[in-house]
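Participant: Top to bottom, those sequences are chains A and B.
For the record, in the first sequence the residue sitting at position 496 is 496 according to the working numbering, with numbers rising by one throughout.
For the record, in the second sequence the residue sitting at position 24 is 24 according to the working numbering, with numbers rising by one throughout.
By construction, these hints were calculated from the structure, which means they are not laboratory data.
A virtual CB, placed ideally from N, CA and C, is assigned to each residue, including glycine.
Hints are supplied without guarantee of correctness; some may be wrong.
[To be verified] The calculated label-pair distances, taken between Cβ atoms and stated as ranges, are:
no.	chain 1	residue 1	chain 2	residue 2	range
1	B	Asp185	A	Asp429	38 to 46 angstroms
2	A	Asn175	B	Gln172	44 to 52 angstroms
3	A	Cys248	B	Asn193	54 to 62 angstroms
4	A	Val428	B	Gly46	23 to 31 angstroms
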Amino acid sequence: MPKSAKNYFGQNGFRHAWSIDFEFVVLPGHKPAPFCMVAKCAVTGAVIKLWDDELNHCPFECDDSELFIAYYACAESACFDALGWPPPRRMLDLYAEFRLVTNGVGSTFGRGLIAALLHYGLPTIGSEEKKAMQDLAIRGGPWSDEERVNLLEYCESDVDAVLRLLEPLLDAIGNNEGDLGRALLRGRYVAALGIVENNGIPIDTELHERLIQHWPVILKNLIREVDADFGIYNDGHFVQARFADYLCHHNIPWPRLPSGQLKLDDETFRQQAKVYSSIAPLHQLRHALGQLRLNNITVGPDGRNRTMLSPFGSKTGRNQPSTSRFVYGPSVWVRNLIKPGPGRAVGYVDWSSQEIAIAAALSNDALLWAAYETGDPYLAFAKQAGIVPINATKESHPEARQQCKAIVLGVNYGMMPNSMASQSGIHVDRARELLRLHKATYRVFWAWAEGNVDRALMGLPLSTVFGWRIQMPHGHGLELNPRSLLNWPMQSHGAEMMRLAVSMAVEADLMICAPVHDALLIEASLDDIDQHTAHLSEIMAEASELVLGKEKRCRTDAKIIRHPDRFEDEQRGAVMFSTIMKLLHEAETTK
Amino acid sequence: MTDDINNPATPAPSTPDPFNVSALRLNNIITDEVGTQKILAHVRVGKPDKQSFFQLNPDPDYRIMMAILELKDENETYAVLPDIAVQFPGEIRQVLIRLGVTTQAVPFLWPVPLPQNDGRENPWYRTARLAAEYAEKDWVRMVANRGAGCYDIKIAAPGLPEPQWPSEDLSQLLRVAFSGGKLIDRIDHPVINRLLGR
Numbered sequence: 001m002p003k004s005a006k007n008y009f010g011q012n013g014f015r016h017a018w019s020i021d022f023e024f025v026v027l028p029g030h031k032p033a034p035f036c037m038v039a040k041c042a043v044t045g046a047v048i049k050l051w052d053d054e055l056n057h058c059p060f061e062c063d064d065s066e067l068f069i070a071y072y073a074c075a076e077s078a079c080f081d082a083l084g085w086p087p088p089r090r091m092l093d094l095y096a097e098f099r100l101v102t103n104g105v106g107s108t109f110g111r112g113l114i115a116a117l118l119h120y121g122l123p124t125i126g127s128e129e130k131k132a133m134q135d136l137a138i139r140g141g142p143w144s145d146e147e148r149v150n151l152l153e154y155c156e157s158d159v160d161a162v163l164r165l166l167e168p169l170l171d172a173i174g175n176n177e178g179d180l181g182r183a184l185l186r187g188r189y190v191a192a193l194g195i196v197e198n199n200g201i202p203i204d205t206e207l208h209e210r211l212i213q214h215w216p217v218i219l220k221n222l223i224r225e226v227d228a229d230f231g232i233y234n235d236g237h238f239v240q241a242r243f244a245d246y247l248c249h250h251n252i253p254w255p256r257l258p259s260g261q262l263k264l265d266d267e268t269f270r271q272q273a274k275v276y277s278s279i280a281p282l283h284q285l286r287h288a289l290g291q292l293r294l295n296n297i298t299v300g301p302d303g304r305n306r307t308m309l310s311p312f313g314s315k316t317g318r319n320q321p322s323t324s325r326f327v328y329g330p331s332v333w334v335r336n337l338i339k340p341g342p343g344r345a346v347g348y349v350d351w352s353s354q355e356i357a358i359a360a361a362l363s364n365d366a367l368l369w370a371a372y373e374t375g376d377p378y379l380a381f382a383k384q385a386g387i388v389p390i391n392a393t394k395e396s397h398p399e400a401r402q403q404c405k406a407i408v409l410g411v412n413y414g415m416m417p418n419s420m421a422s423q424s425g426i427h428v429d430r431a432r433e434l435l436r437l438h439k440a441t442y443r444v445f446w447a448w449a450e451g452n453v454d455r456a457l458m459g460l461p462l463s464t465v466f467g468w469r470i471q472m473p474h475g476h477g478l479e480l481n482p483r484s485l486l487n488w489p490m491q492s493h494g495a496e497m498m499r500l501a502v503s504m505a506v507e508a509d510l511m512i513c514a515p516v517h518d519a520l521l522i523e524a525s526l527d528d529i530d531q532h533t534a535h536l537s538e539i540m541a542e543a544s545e546l547v548l549g550k551e552k553r554c555r556t557d558a559k560i561i562r563h564p565d566r567f568e569d570e571q572r573g574a575v576m577f578s579t580i581m582k583l584l585h586e587a588e589t590t591k
Numbered sequence: 001m002t003d004d005i006n007n008p009a010t011p012a013p014s015t016p017d018p019f020n021v022s023a024l025r026l027n028n029i030i031t032d033e034v035g036t037q038k039i040l041a042h043v044r045v046g047k048p049d050k051q052s053f054f055q056l057n058p059d060p061d062y063r064i065m066m067a068i069l070e071l072k073d074e075n076e077t078y079a080v081l082p083d084i085a086v087q088f089p090g091e092i093r094q095v096l097i098r099l100g101v102t103t104q105a106v107p108f109l110w111p112v113p114l115p116q117n118d119g120r121e122n123p124w125y126r127t128a129r130l131a132a133e134y135a136e137k138d139w140v141r142m143v144a145n146r147g148a149g150c151y152d153i154k155i156a157a158p159g160l161p162e163p164q165w166p167s168e169d170l171s172q173l174l175r176v177a178f179s180g181g182k183l184i185d186r187i188d189h190p191v192i193n194r195l196l197g198r
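Chain B with its partners taken away, still in its complex shape (with noise of 0.2 angstroms):
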């Protein structure tokens, strides 16, 4: 049974076509911002992990003599203001800091070791020295040769990807690595207590 169907009203020229589908993208989807931002809250100082492949960044705002004591036994690198530096040269090392990635974009900060003034060539610190030089260019993988008392030096094969840096300058970058009471800035620094048998 039907009833009251009027008539119809003039239609509009045409209704949403679900046919025409490339029409119904939603393109935005996929570059849409999410707004969130990472924060790094942690930087590494070391030589780069025996397992990684690295890049150095060749920009030289990326690079900075330092005076740095390292603890062995704790695994820990402080940095120590030049003032503070002279009063201990059999503990203090000069080096210059590099900025390093990781293929996997961990940054972290190297410690090169400069040649020696004596002008003796110490065969671990030179071939680091070495590879910071090919890890300008390419990937490389530093791992200690015991028997030959130096680091090998392994270039990887082409075809990773662009190494990616972080954003941050390296003032931001080394007050990041050396937070949390790693900077040695006055002399009775707990280290430096330490060291001093205090």
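Excised from the complex, chain A in its bound form (with noise of 0.2 angstroms):
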């Protein structure tokens, strides 16, 4: 036991520290079924072994000086709420604290708990022994004694690990006033996210299962449906030569390789077909065929999609849930799964504008917070500069507002004016001009943004208002995409916000199905629904607040889907998921 841990846990007024671990069986979909757990006090060496049965009774008290450690304790979480357990008031999770020390500079190793030891050179035990492990683990019971006593070693080893883990990491967290609270924050987050992962999302299994099972007739006949708009398959195979012919009969720009040849991956029909409708058949259908396999979304026997949701996987904190198994995560019209049961409904609550408003909030830009209070930023932009008269509409100035809002969208992301001249559909000098009249409305947000590059570049280290860091190494200036460094901070405080929001949402005792993005998804009874949803907005407004500063709200809008309706996106999918229905249908009907 770190001498030096006991004594921090020991002045921060923790009666104990347990550096935690369960073993479980999860198979996909279900939630996990933990059959044993080991527990060890960093402050009085106390150890808790706990099998099978054993584990029906909590054997920690869970207050406020109970502190429980692990490595990746989303799982620990998610046990915790399996068992009945009631959920931890203080919580590290090492594998957090990990990501934000190696953030931007990387670990050579990768990000489990051996890379995070091999990273700071403590001893480990192999590799392929942990995985031969965590197979006994999988396969589940009835286990010998033998392989009873490996597995609890086994699980002490992973729990003694964590131990060896908190010298360096209690280093990085820090002790000056604030640190541990902070770290503490995002064990509060990963708390609540198990019970997240356990509710999972409610789908229509029947469908489902349905259009598992025709999926391949389905889509052969799509492209024969979708590509009747289009003609440019042959046989099956898509036709560069017929797309290019398409694109230039309906004046429609695309992005080239250096070669000249057109762009076809994947991300270029997403982006093109947010700026062109007519191409997002076409993109669905190339994703269908390419990378779509319905029967990767994990579904558990009681009909919900469960799956990790892998928090602070991606370089601004946000979750990195996998795009195969999610719902969210593949075509937008497999979305229209979702779909509550009898007597239960949900909500989608999403922030309004997020990103604009943090720019504003966190830059002290009073204009563009003016221009976000207003409700349509981009009209308030348009006003601003002096593009639209003051007593201009949305409904007078139409064609003024879009150019503006692909401006200001664009600016976010440090687009160039050629992309959002592509992604908008208006001329570049156009584009040019708008983003000239930007920076000089905007001139604070633009110091500050122009700011944060400059610190990132010298390889300081850009912090969110709750300590999720990005540092970049000295030296690899040249290897770093400036614009992507414009718009960290926006998602990283996107992200704050987020966890914040679940991390209320779930104690207040709402049932949060999963965070989208900058959305929740919540579910209740068709009796509660309207309640919890009102509830839900409300959280996520204080959530705002209290990463943007005092008075600064970020706006919410809700959609309610009561059964038997269905999660649509009406902008994106429906036509595609109409498509796929009714091929379903014949598909059905037709021997």
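Please dock the two separately framed chains into a single complex, following the hints provided.
Facilitator: Here it is as structure tokens:
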């Protein structure tokens, strides 16, 4: 037991600081089924080992003086929840802390527990041995006496590994005022997210199964159906020359490779489909043919999509769930599989123009905040920059507003005038002029944003208001993309907002099914859904104020879907879903 | 199975509280100075860009009478020392150099034409001076109206931000603007040689 860890936690008032690890079986789409647990206290040296039925009773008090420490603690939190134990009040996730230490500079060995130990030159069990024990745990019981001993020893070895990691990571966390509190704030989120993972998302399993069953036939007919409007496929193959002809005929500019060939990757199609909606069905067809595996979406026996939500996975601190297993991961139309069961409803609440609010509040640009507060920051920019008269409306100046929208949104991503022009269908000279006006109008924001990029390129850390950081290694300035650095504060503070909202909502006993970038999905009974959604909206507004500062609140929009309706994204996925349903019907009625 | 649970030590009054979120907020990340300094490396000399709104600094310390030589084909402006300027009266113009800045905070030096000595009034020069007068208070755009033979003066609607002036004084601005051989300070300057066919 590191003596310094004992002192550290003792000085911070903890009665116990438990390094804890569960072994559990988790089948795709299921909640974890824990079968053993080992905990060792870094303060008192106490040890607790529980096997199977002994887990029925929580051996901890779970009050403010009991700290739980784990590596990737979301799993431990999910086990607490699955066992019906009270949620930890104080949690420290060394995975989150290791991610924070290495965010930007990276780690040679990866992100797992063994990688963290190797990073600090600490002893570790071999990865092969670890894999063998993980496989034994995943196989499920019954286990022989010898296997049981081995599994408990393996569980204990992870607990000891976490204790070894404490020394370097407590050094990294620091012991100044608020340092540990901010680490525990990250742990608070992880504790809540384990419950969210267990909640899962309600899926129309009957439709899901029918689609999986007929998917090969649907795909074949999908080419015929979608390509009828394009004429690009020949015998099931995408013909680039025909696509080029289509683009010329419809006057659609398209990004090219240095070789001059059309760029045909998924990201290019995704971006272009946002601007030229006529392309969207073609994009979704290509995605369906190339990547979509409907049976990868993990659904448990209770009809709920569950998967690891992977907190702190991205450099901005956002979650990074699997794009194939999470129902929000693949094509937009797949979200139509989300359907609340009988007597149930879901609410989808998202922050409006979250990135603009963050940019305005954190840069202290009064003009930009005033624009956000109008509720239409695009038209407000047009007015502030003198592009439209002061009494202009969305209806009187739709074109100017649309152009300004492209610029305002593009700025947050550090887009250049060429990209803004191609994504919004305006002339590049116009985009250049609007960008110039944006810089002239929101000077305070630009000074702040460019200062952040300078700071990162100098090798100094960028930080959120709750301490999530990124630091680029010295001498790597040329390899960095200043545009993504420009956007980092907006994304990372959006992530802080989301983490707070999830924590507060779960603690308020709201049933959060999933965080989805700048939105949360909530579920409740038909009777409660209005009240619970309103409560969630208030929590999200409160979370935004905690991040943005006093009296700076981000607005939210809410949409409620009641059984038997299903979730749908009318703008982006409705046409494709309708086509898929038609083809499903054909496949089921044609022999 | 449970073993070796010691009697816990007396707990300290309270542990760090992740639920008291506002107490954990780091306020200094917003105002942290990054420490970089932007060097003024270029100052354009010329009349205002027809597509930009601009203002002129009303401070008398930011204006100076100077002799300039303009090479129209190259779109270049040279400052000429007085003892050299008197030797080329047909080529040199006396102007009032004024500091201007665009809405995008780009500074420039505008050689504002002076009234002609013979009492005749050139409408281009007159309207340019008028624009300079307006630009001391408002954002102004100056557009050539070839049909009328003068500049049209456009004043921006209210709401544009205040002008952002460079921190350098006029002598520093002049040094940057006329660096790189743009100061004719000797009779064998390459531009003079060119004018004389040498």
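Participant: Are the hints correct? Go through all of them and say.
Facilitator: Going down the list of hints, with the structure as the test:
no.: 1; hint: B:Asp185 x A:Asp429: 38 to 46 angstroms; in the structure: holds, 40 angstroms
no.: 2; hint: A:Asn175 x B:Gln172: 44 to 52 angstroms; in the structure: holds, 48 angstroms
no.: 3; hint: A:Cys248 x B:Asn193: 54 to 62 angstroms; in the structure: holds, 55 angstroms
no.: 4; hint: A:Val428 x B:Gly46: 23 to 31 angstroms; in the structure: holds, 25 angstroms
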